[in-house]
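Residue numbers (full-length UniProt numbering), protein chains in the order written: chain A, 1 to 250; chain B, 1 to 250; chain C, 1 to 250; chain D, 1 to 250; chain E, 1 to 250; chain F, 1 to 250; chain G, 1 to 250; chain H, 1 to 250.
Hints may be right or wrong, so weigh each one.
What the hints assert, rightly or not - Simulated coverage check for chain G against chain C, where a stretch passes if three residues somewhere in it have a Cβ under 8 Å from a Cβ of chain C:
(1) 56-67
(2) 180-194
Unchecked claim - List of simulated lysine-lysine pairs, DSS-like, C-alpha gap at most 30 Å:
(3) B:LYS89 x B:LYS58
(4) E:LYS114 x G:LYS11
(5) H:LYS109 x H:LYS58
(6) A:LYS89 x F:LYS89
(7) D:LYS89 x A:LYS58
(8) D:LYS58 x D:LYS109
(9) E:LYS58 x E:LYS89
(10) H:LYS11 x G:LYS11
(11) C:LYS58 x C:LYS109
(12) F:LYS89 x F:LYS114
(13) C:LYS58 x A:LYS11
Everything labelled a hint here was simulated from the structure, so no lab data went into it. Glycine residues also receive a C-beta, built at the ideal position from the N, C-alpha and C atoms.
Protein chains: 8
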Amino acid sequence: MNIYEILERVKREELSIEDAEKILKKLPYEDLEFAKLDHHRKSRAGYGEVVYCEGKTKEQTASIFYHLSLENDNILGTRASEEQYEIIKAQISETDYDPLSKIVKVVRKPIEQKGLIAICTAGTADIPVAEEAVLTAEFFGNRVYRCYDVGVAGIHRLLNHVENLNQANCIIAVAGMEGALGSVLAGLVNKPVVAVPTSVGYGANFGGVSALLTMINSCANGISVVNIDNGYGAAYVASQINRLVVEASE
Amino acid sequence: MNIYEILERVKREELSIEDAEKILKKLPYEDLEFAKLDHHRKSRAGYGEVVYCEGKTKEQTASIFYHLSLENDNILGTRASEEQYEIIKAQISETDYDPLSKIVKVVRKPIEQKGLIAICTAGTADIPVAEEAVLTAEFFGNRVYRCYDVGVAGIHRLLNHVENLNQANCIIAVAGMEGALGSVLAGLVNKPVVAVPTSVGYGANFGGVSALLTMINSCANGISVVNIDNGYGAAYVASQINRLVVEASE
Amino acid sequence: MNIYEILERVKREELSIEDAEKILKKLPYEDLEFAKLDHHRKSRAGYGEVVYCEGKTKEQTASIFYHLSLENDNILGTRASEEQYEIIKAQISETDYDPLSKIVKVVRKPIEQKGLIAICTAGTADIPVAEEAVLTAEFFGNRVYRCYDVGVAGIHRLLNHVENLNQANCIIAVAGMEGALGSVLAGLVNKPVVAVPTSVGYGANFGGVSALLTMINSCANGISVVNIDNGYGAAYVASQINRLVVEASE
Amino acid sequence: MNIYEILERVKREELSIEDAEKILKKLPYEDLEFAKLDHHRKSRAGYGEVVYCEGKTKEQTASIFYHLSLENDNILGTRASEEQYEIIKAQISETDYDPLSKIVKVVRKPIEQKGLIAICTAGTADIPVAEEAVLTAEFFGNRVYRCYDVGVAGIHRLLNHVENLNQANCIIAVAGMEGALGSVLAGLVNKPVVAVPTSVGYGANFGGVSALLTMINSCANGISVVNIDNGYGAAYVASQINRLVVEASE
Amino acid sequence: MNIYEILERVKREELSIEDAEKILKKLPYEDLEFAKLDHHRKSRAGYGEVVYCEGKTKEQTASIFYHLSLENDNILGTRASEEQYEIIKAQISETDYDPLSKIVKVVRKPIEQKGLIAICTAGTADIPVAEEAVLTAEFFGNRVYRCYDVGVAGIHRLLNHVENLNQANCIIAVAGMEGALGSVLAGLVNKPVVAVPTSVGYGANFGGVSALLTMINSCANGISVVNIDNGYGAAYVASQINRLVVEASE
Amino acid sequence: MNIYEILERVKREELSIEDAEKILKKLPYEDLEFAKLDHHRKSRAGYGEVVYCEGKTKEQTASIFYHLSLENDNILGTRASEEQYEIIKAQISETDYDPLSKIVKVVRKPIEQKGLIAICTAGTADIPVAEEAVLTAEFFGNRVYRCYDVGVAGIHRLLNHVENLNQANCIIAVAGMEGALGSVLAGLVNKPVVAVPTSVGYGANFGGVSALLTMINSCANGISVVNIDNGYGAAYVASQINRLVVEASE
Amino acid sequence: MNIYEILERVKREELSIEDAEKILKKLPYEDLEFAKLDHHRKSRAGYGEVVYCEGKTKEQTASIFYHLSLENDNILGTRASEEQYEIIKAQISETDYDPLSKIVKVVRKPIEQKGLIAICTAGTADIPVAEEAVLTAEFFGNRVYRCYDVGVAGIHRLLNHVENLNQANCIIAVAGMEGALGSVLAGLVNKPVVAVPTSVGYGANFGGVSALLTMINSCANGISVVNIDNGYGAAYVASQINRLVVEASE
Amino acid sequence: MNIYEILERVKREELSIEDAEKILKKLPYEDLEFAKLDHHRKSRAGYGEVVYCEGKTKEQTASIFYHLSLENDNILGTRASEEQYEIIKAQISETDYDPLSKIVKVVRKPIEQKGLIAICTAGTADIPVAEEAVLTAEFFGNRVYRCYDVGVAGIHRLLNHVENLNQANCIIAVAGMEGALGSVLAGLVNKPVVAVPTSVGYGANFGGVSALLTMINSCANGISVVNIDNGYGAAYVASQINRLVVEASE
């Protein structure tokens with residue numbers, strides 16, 4: 001019901017002024033005091049609710065999952081601890097947990113995977129962040145192609161994958177240390193590259209700032225950047241792009 | 001000609017070994033000593049060559065434009081000075097210059113504009129960066145919707161545009177100072193938001209770092225970031241996304 | 001008219017659906033393309049529109065002042081250049097300019113000054129920022145007490161003023177270099193202190209960051225901080241506080 | 001006794017020179033060697049003594065609480081550990097502890113709560129900092145309205161609360177990550193907003209610096225900022241404002 | 001007159017209560033509105049008033065010098081511009097200016113120079129800062145030994161001076177770039193070293209931060225640091241030390 | 001086989017097109033999914049594969065060592081934990097571990113040591129980083145001269161070693177805190193100095209940034225810098241230099 | 001023996017050329033491989049050897065103390081752990097340890113304390129750093145006056161001590177958070193102030209950087225700064241000053 | 001004459017004690033008061049004196065060149081201004097100036113060029129820094145191979161040059177913006193890479209810090225880094241390496 005419809009119904013006396021006011025004011029969320037759940041988000045943004053678990057108590061996390069599970073088949077939690085997983089699992093038996101990426105998820109309705117997103121890492125130590133992106137992208141209904149340990153220290157390893165990467169609608173470049181993978185990828189492919197700096201490295205990497213600056217300053221075209229270690233955020237952007245293309249071609 | 005075709009032609013003796021080797025090795029660029037022009041980029045990346053003018057001498061810029069103009073109808077230059085424009089114009093009469101965005105361009109073949117990219121600014125002082133994005137996006141064949149001065153200090157100004165913004169395949173959010181526009185937009189629309197921090201502001205804005213950090217740390221979904229004042233870069237990413245959707249729907 | 005009233009009028013057929021929709025959607029601003037003027041802000045926030053002039057072209061600034069002057073008696077512009085002033089003055093003869101604080105203002109309706117705000121500086125070089133605060137506070141209808149050059153290097157100069165300062169409802173502390181004035185003031189008075197770090201100093205003052213950090217880390221109670229050199233912002237906060245007290249006592 | 005009174009009494013020989021000198025010099029604090037307790041602060045600043053517990057040994061904390069409890073009914077301790085609480089509790093049975101906000105307090109005389117302060121958070125993980133503000137504000141005699149998890153990623157959740165927030169004399173905005181809540185609030189309400197950046201987030205949030213910069217650079221009016229995670233400091237400022245208004249209206 | 005004396009006089013009725021109160025409250029400074037001159041500082045700190053000229057208008061500087069010249073024979077101004085000098089000179093004919101160090105001074109009573117301070121620079125480009133220290137130290141009555149261009153890139157140049165340097169009561173080490181001179185000096189001499197980082201250098205020297213950090217982190221003993229380019233501040237500290245020794249030996 | 005040879009063999013029909021394509025595309029690495037091992041690197045870069053162990057799981061590290069051990073006699077691992085060592089040792093009995101430098105290595109074929117590299121530290125606490133460099137350099141076939149605890153706080157300790165240091169083809173300077181050792185060494189010797197800042201120190205050393213800036217800003221000639229604590233990287237560069245000289249003189 | 005004496009003895013054949021060369025070259029230190037002990041430092045710098053224990057293994061620390069104890073009556077160790085203390089104690093029974101300041105010391109010959117150094121802290125949490133300064137200063141033969149918890153949040157506590165502080169030859173100001181104590185002290189006393197920023201605080205104190213910047217940017221005269229938490233370094237500088245004055249007055 | 005020879009001559013009475021002392025103490029430099037010229041450096045370091053002109057007055061620069069020209073055939077000056085050049089030229093007619101690299105040089109004795117150093121840039125705007133390196137390297141007697149505009153945005157341009165680059169004994173990688181060229185080069189060649197970050201770029205490049213961090217954090221082997229824009233420093237290191245190899249092979 002949009003504003004016009006509401007007003008029309010008021011005029012037609014199908015709707016009392018009091019009810020119209022309630023609807024106009026009614027919040028599309030459920031209030032748990034410590035959190036406000038957004039059940040309408042799927043219709044608004046196209047994806048189900050995702051819970052960022054870090055910094056929430058076990059009890060808060062469990063309560064949020066429980067309330068979401070009453071209205072959603074599938075729920076994704078990022079940066080979840082083992083303890084958070086266990087208390088959720090105790091309530092919702094379909095809960096799964098991946099300790100590498102710290103993704104907890106409830107999938108009760110199968111998710112069809114369409115289109116293609118490629119996810120690359122510079123090194124082995126970047127894989128946890130990449131897997132956060134992979135599991136998120138799959139949860140959002142995207143097909144994923146993994147291409148790990150192809151950093152610029154041995155660029156020939158990457159060159160061999162260029163053709164495959166160009167099949168994807170979006171490429172996620174996950175790299176720590178100097179983070180040059182994003183630039184190199186963007187120079188080689190013709191699809192948008194979403195770069196994820198990671199905190200992998202030491203010394204003057206400043207917990208990922210070095211890679212972040214490299215990516216933000218890239219002189220290559222077609223690269224944009226998300227926060228350090230934010231595999232989830234990159235997957236969200238890539239999902240939006242992939243979905244737009246998939247929907248346009250349907 | 002891909003590798004397979006080359007090898008086949010060698011086998012069929014349609015191509016001498018020496019020529020095949022030359023082709024395999026031949027660089028797809030023209031060497032001006034101080035610059036290596038990439039005439040094949042259009043076929044590789046889908047867009048014509050763009051010249052980043054800052055830091056190049058007038059003579060270098062003019063020479064690069066001249067050589068590109070022999071093989072390209074349309075050329076775009078970013079961050080060009082008045083002086084660089086004049087020396088290019090002296091050689092190529094179809095050259096145009098926009099002093100606000102510092103874009104210089106040669107357009108000798110009309111550019112059809114398809115799909116839609118929305119470009120928003122938080123304030124009036126962010127417009128030069130936004131216009132760099134607008135002119136770049138139009139040069140790359142995208143239709144553009146401008147939505148300026150809708151920053152979060154008066155959020156009701158933005159709320160009125162949400163419906164229009166959701167028509168676009170990609171939204172560019174240009175904002176300086178605290179740079180919150182990106183987050184707010186990403187929370188309101190369901191299309192990828194490319195955020196451009198600007199150096200607008202003073203004091204602890206650190207030449208745009210404040211806005212950059214705001215955007216990188218956004219807790220909203222579907223936002224990725226380019227360098228401070230990099231309207232061009234945002235437009236490139238948005239063009240890739242818009243083109244993918246337009247091509248998929250054709 | 002609030003939502004309930006609108007709905008009621010619709011029901012009573014005093015208002016057509018179309019008009020009600022317009023009102024509900026109507027933006028309380030005027031759109032100049034490069035700027036969206038907020039004529040309703042006075043009723044919403046209690047003050048007239050203020051124009052941040054930096055980064056706007058002369059023409060944009062003049063146009064904004066012109067349109068505002070049609071609906072407002074008094075207008076304030078901050079960080080205005082001599083050139084911007086002159087073009088405004090050419091259109092609106094009541095325009096005044098203070099080159100020290102870079103404040104341009106149009107005052108056509110006398111402003112009554114109530115309550116009290118005290119504005120202190122650590123040194124002489126901090127005065128331009130302090131004067132931005134003074135002129136802003138006076139424009140917003142506050143009485144102002146100036147207390148300049150009372151920095152901590154000679155703390156006896158400050159101690160003599162404590163009694164006077166405690167008459168004010170809010171105290172603005174303007175200081176560069178090490179910026180300790182804020183802490184010392186907050187330890188001596190029992191009114192809220194709004195601290196303004198300034199870029200005065202050299203070397204490791206980092207353009208005001210040193211003073212900003214001092215103020216943000218203050219172990220004194222009752223101090224909050226605005227941006228470096230942001231005299232306007234401090235005056236706005238102080239005005240809100242002073243007005244609340246004045247209105248409560250009326 | 002002010003200076004004039006002391007001098008008069010000396011003249012009237014009601015006070016010996018030696019005693020007058022002692023009084024003039026006498027420090028309004030008790031010296032525990034490792035700490036100097038300020039028993040007169042309540043009369044000077046209007047609030048009882050507050051103990052910042054972090055970095056003090058258990059024994060120091062207990063000793064400070066003990067000496068304060070001899071002259072004060074109510075005492076507040078911030079950033080207290082479980083261990084510090086237990087040793088205080090052993091001496092003063094009326095001691096309470098809130099592990100979320102790390103507030104320890106002794107309340108032996110009921111505290112009347114007047115006026116209104118609103119305290120908002122962007123997310124659930126910001127609640128511990130907000131609760132430090134809530135408990136401090138209540139200890140200082142302010143009525144508090146909580147409004148949690150209304151961050152800009154879903155701005156419709158916030159819009160519903162604007163009317164309530166405007167009832168308060170001061171609004172505290174607690175937010176980590178990009179910290180845009182402060183700007184958005186200040187754009188929507190017409191009361192002073194005290195913004196508290198939190199260290200919630202990861203990567204380029206730099207332990208709260210990102211949110212701090214966002215808030216300091218806010219282009220909204222009426223916002224000032226305290227240190228990262230400094231719920232106490234924000235509550236102190238808000239209390240001063242609320243008390244000024246309450247007292248003015250009495 | 002100390003407090004006891006004042007009280008005694010009041011009792012003896014040699015001093016009225018009103019006068020006593022005035023004296024107790026009377027500020028030892030002259031108020032020029034934009035500056036508060038501290039004529040008693042010489043007796044308090046042992047040196048005449050010094051004027052930090054940067055950021056003051058020509059008129060303010062001249063006025064301050066004029067008022068000081070009525071009560072002081074000698075006045076020192078630091079970071080003075082050519083223009084500031086000229087307007088002071090027009091009023092006080094004994095004014096001298098050194099464009100290298102930007103020191104302006106009025107010396108009408110000869111200054112005896114005692115003890116010894118050594119002032120070293122790493123390179124030639126550090127000399128302006130060193131000369132600010134030299135002229136300040138001489139103004140404050142210290143004998144000075146210059147030792148320039150003895151940086152660590154050719155450490156043999158420095159080793160030859162060690163014996164001379166140990167004659168001084170304090171050594172000032174002025175160095176930009178990597179700023180290692182301070183550490184090396186402190187390792188070679190047994191007198192306090194006051195280190196002055198300079199902004200000499202480029203790139204990652206960050207305007208002197210590199211040298212500042214080197215000096216602050218020095219693993220050598222007996223080194224303390226002042227602000228970047230703060231020759232004046234180092235000379236002040238060195239003067240205090242030298243004077244203490246000279247006075248003790250008299 | 002280079003491109004020409006491959007093409008020739010295709011023409012001579014000694015090689016099928018399909019096989020030629022495979023060879024041209026074939027990657028010179030082994031793919032373990034989470035890592036891509038580069039068995040050809042020795043021939044390309046002149047050294048065996050080195051494994052950066054930090055951030056890899058025990059299982060990944062063991063698997064990488066196992067696969068490398070099938071094709072390499074000697075393997076080096078840096079930043080290895082005790083746990084990683086033990087699981088490798090369980091598979092490859094010739095494995096050795098040095099807990100100080102965290103170097104794990106498999107040496108099954110004796111390594112001849114040639115030329116000379118000198119490795120100096122400023123203090124005792126810098127030794128772990130220096131030993132990483134020593135063991136790496138020896139693994140790569142260089143003779144090493146250790147010279148520890150010769151920092152600038154007591155420069156006479158260093159001067160005694162200058163003659164010995166000049167025997168080396170490259171000198172590695174390892175220093176934390178102010179990191180001046182690199183500059184001093186480069187001023188005293190005439191061989192390339194590779195400087196390694198360490199995180200040794202506290203406070204404003206910022207985990208090694210202070211030493212890094214000192215070294216990067218060195219006004220001495222012949223110094224270049226690697227990452228904080230990167231003993232391995234310095235040894236690699238020094239090995240390249242030493243090997244070039246050794247090979248040239250053979 | 002200086003160079004002249006050595007040469008004279010060679011000429012008089014009292015010293016063989018070989019022996020003279022040895023003496024000229026002989027290092028005034030003992031080489032433990034991992035450390036080079038400087039037994040002559042006392043004669044050179046006037047104080048005994050001090051051991052910086054952090055980052056050294058227990059065994060290294062014990063060995064260094066053992067070798068020093070053979071030639072020195074008194075030894076000081078800073079930043080020592082409980083474990084390091086115990087292993088030293090096992091070898092040298094006169095060893096004492098203060099867990100607050102982490103000072104370990106061997107005092108077998110009584111130390112006469114002369115002159116006066118005052119050591120102030122802003123808060124209770126700064127005491128560990130202050131005590132490192134106190135114990136160091138006493139070890140170096142200085143009399144010490146403690147003045148703790150006199151920070152600027154309650155400046156009246158400090159004002160009462162000014163007279164006492166001016167008795168000292170040097171004042172050490174230890175402060176975290178905003179670190180304003182240094183400036184305030186330097187404005188009140190006329191002796192050199194050595195300021196020690198501490199890491200006490202949270203949020204934007206950046207581990208002490210805030211206090212460091214405040215102190216470095218102080219607009220007060222007569223203040224110089226050492227590293228964050230470097231109580232030892234401040235005591236060393238203060239000792240040099242105090243000793244110079246004491247010796248001059250003897 | 002080394003120490004032994006001096007002593008022997010003293011003993012043989014060929015040298016007076018006084019003369020021997022003079023020689024032992026005599027500094028191998030000429031003292032111009034503001035500068036100490038190091039005429040022996042060529043014998044010590046193998047190269048002639050180089051003058052860093054920035055921050056020196058015209059007169060100082062000219063005087064230094066004049067005194068050096070009396071004892072040296074060839075002199076190099078870096079970062080020289082047009083004005084400095086002209087005043088030198090007036091005295092020494094063989095002076096040449098290159099405005100791009102800001103190199104001024106006097107070459108009166110031809111310089112033979114041996115070995116090979118390769119110098120690469122990422123872009124055209126990096127050429128001024130590269131040319132500083134080229135002219136320095138040639139001045140020091142190295143043959144140079146230029147390879148410009150081969151940045152990673154179009155990596156195929158670089159791949160074509162790998163074979164040539166491996167001919168060099170050392171490769172200098174000059175790059176601004178994200179500075180990935182260093183890593184990519186080090187991954188492709190097997191010679192030491194000296195990386196020079198440049199200040200080319202804008203926004204979050206922070207005047208070259210971004211490129212510096214990329215290079216310092218490089219995960220490629222065989223790369224070390226010099227200061228931002230320090231073409232001279234890179235050329236010095238490369239010259240040392242090239243000379244060592246050339247001398248070893250002679």
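Status of each hint after checking the structure:
no., hint, in the structure
1, 56-67, "violated (count 0)"
2, 180-194, "holds (count 6)"
3, B:LYS89 x B:LYS58, "12 Å, holds"
4, E:LYS114 x G:LYS11, "41 Å, violated"
5, H:LYS109 x H:LYS58, "25 Å, holds"
6, A:LYS89 x F:LYS89, "38 Å, violated"
7, D:LYS89 x A:LYS58, "28 Å, holds"
8, D:LYS58 x D:LYS109, "25 Å, holds"
9, E:LYS58 x E:LYS89, "12 Å, holds"
10, H:LYS11 x G:LYS11, "5 Å, holds"
11, C:LYS58 x C:LYS109, "25 Å, holds"
12, F:LYS89 x F:LYS114, "29 Å, holds"
13, C:LYS58 x A:LYS11, "50 Å, violated"
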